[in-house]
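**Student:** For reference, the chains in residue letters:
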Amino acid sequence: MHIYLPIAEMSVNIFLILGMGGAVGFLSGLFGVGGGFLMTPLLIFIGVPPPVAVGTEANQIVASSVSGVLAHWRRANVDFKMGFVLLLGGFVGSSLGVILFKYLQNLGQLDLVIKLSYVIFLGIIGFLMLWESSRTIIRSRSAAARRGKLHQHNWFHGLPFKMRFRKSKLYISAILPFLIGATVGVLSAIMGVGGGFIMVPAMIYLLGMPTSLAIGTSLFQIIFVTANVTFLQALTVQTVDILLAVLLLTGAVIGAQFGSKYSVRMKGEQLRALLALLVLGVCVKMIIDLTVMPADLYSIALLMG
Amino acid sequence: MNRPIFTKFSIALIMLFLLAPHAYGTELIIDSSTNEVKVSSSFIGTDVMVFGTANDKDDIIVVITGPTETAIVRKKGRVSGIWINKEKLEFRGIPGFYAIASTRPLSEITETDELKKQKIGIHNVITTASLNSKDKNIKTFKSFKDALVRGQKTKGLYLDMPLAIDVVSKRLFKTTFHFPNNMTTGIYTVKVFAFQKKRLVSMVSKTISVEKIGIGADVFKFAKEQSALYGLLAILIAVLSGWIASVIFRKI
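These protein sequences, in sequence, are chains X and V. Under the working numbering, the very last position in the first sequence is 308; numbers go up by exactly one each time. Under the working numbering, the very last position in the second sequence is 250; numbers go up by exactly one each time.
Honestly, I wouldn't trust all of these hints.
What the hints assert, rightly or not - Once the Cα atoms are required to be at most 25 Å apart in a straight line, the calculated DMTMM-like pairs of lysine to aspartate or glutamate come out as:
1. V:LYS151 x X:GLU12
2. V:LYS204 x V:GLU112
3. X:LYS105 x V:GLU223
As the list claims (entries may be wrong) - Covered by chain V, according to a simulated footprint, are these stretches of chain X (three or more residues, beta-carbon under 8 Å):
4. 10 to 21
5. 123 to 131
6. 226 to 238
Hints are computed from structural coordinates only; laboratory data are not their basis. Glycine residues also receive a C-beta, built at the ideal position from the N, C-alpha and C atoms.
Taking the hints into account, I'd like the entire structure generated from these sequences.
**Tutor:** In structure tokens:
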């Protein structure tokens, strides 16, 4: 059964879209990530124009983050004060990102930048996660777990504008979370991702937040950042396809429930190792796309009028 | 899907036979199976038949041209191991859709100069005149134009080789074009040329409008005309769906 997508201006098989939503939703439920980094490349792969894929995926992430954050809120896993600082940065970053997006599109280098961003960020995150999780797996087999320090003191503890984040038990400069929020905001607008896969490790390793709080808080701020991206993309380039977003999120919501049921059966470090492999897989795919000679060296961009 | 086309076709056929004594000579009469293609949310493409009467010695060429667009064609080059877009060429006022059909190969119907003059055949439509003024006379024109035609052809939007035209009886002809699901909306022009002994004797044209209807059309119009409100609505729908999902699945 086909359905015509009004903004993407193409007809797609409705079950293909629901299935993609379901599969990515399953993985996001399993690993506790938004799944934008998988969905956006998949959408581009089935022929959705990249700007529409990015704009629509931002819209879908709003929905999955809302349902995710509600679950974390019930378990009191959201640091609203930290979330607020992050999201101030996120607003600035994502607004800059949308402007950059349009500029790169005019320049004809948008696809390149999208793919390079994927390679760089997925490569780094995937490698770090794989390293960390395999170390944990090995250590848990060899010796009893040691209790480390809550967090280490680094150069950034000397920065001004110190704020107390009671929930996270932190007393740090507001500049750092603001910068993290801004960086992820830019990526969110360009890559069509929520950015949880960068935000969560940054909050854990750079800020020293507890993992559960980091996930809940990042979801909280992702809602606002992706909502901002959705709004700005809809306003400036009209690339948000509501119909596509609704189909995707229907599949994703159902898939995520099954995914999270499976995730309780697995160990945290095993899950992280699997996620790392998945992230590296997408990264390798992008590297191949960039380095193998394309079948057609020419590409066409059509504009109305 | 085909029945209304053929009903209309047979009615038109009878009409044309009644008109035939008057149509005899150089008069060319044409019509199409539809005047409006409606792109609804279940649209997967459609066939459009163009038919008419002509002098029995005429050679016929039918051309359908879609609304004009600007195309930017980019060529990738290798920079330190990575394939990136390097050169680009901008084509202005090119058709978003181009289909052609003829009774015989174009070169047998008329001279190359005449085809150029009448802009028959995609390679006579997209010329150096389509280029941005600062890019004129560029050496790479041909390879970029070929890439453009190739790309559009793969998407089903261009025909570079003419389809066949059925000559039903001595004076009656018909041909069927496929309108793919990714075509742009707007006014499409059908032009029918009649040639005799390599000379153009008659040309008639008509239009077919392609428009979005139903919920898809409303969404498209809403997104373009009230972008801010559309963006807010998109966010609202997402927030509500996320909330509903969380409520439903908490209870299960």
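**Student:** Does each hint fit the structure? Answer for all of them.
**Tutor:** Status of the hints after comparison with the structure:
A C-alpha spacing of about 18 Å is found between V:LYS151 and X:GLU12, which places the hinted pair at or below 25 Å, so the restraint holds. Our distance criterion of 25 Å between C-alpha atoms is met by V:LYS204 and V:GLU112, whose separation comes to about 22 Å. Restraint check for X:LYS105 and V:GLU223: satisfied, since their Cα atoms lie roughly 19 Å apart, inside the 25 Å limit. With 4 residues bearing a CB less than 8 Å from a CB of chain V, the stretch 10 to 21 of chain X meets the requirement of three and the coverage assertion stands.
Only residues whose C-beta sits within less than 8 Å of a C-beta in chain V count toward coverage, and the stretch 123 to 131 of chain X has 0 of them, not enough to reach three; the restraint is violated. With 8 residues bearing a CB less than 8 Å from a CB of chain V, the stretch 226 to 238 of chain X meets the requirement of three and the coverage assertion stands.
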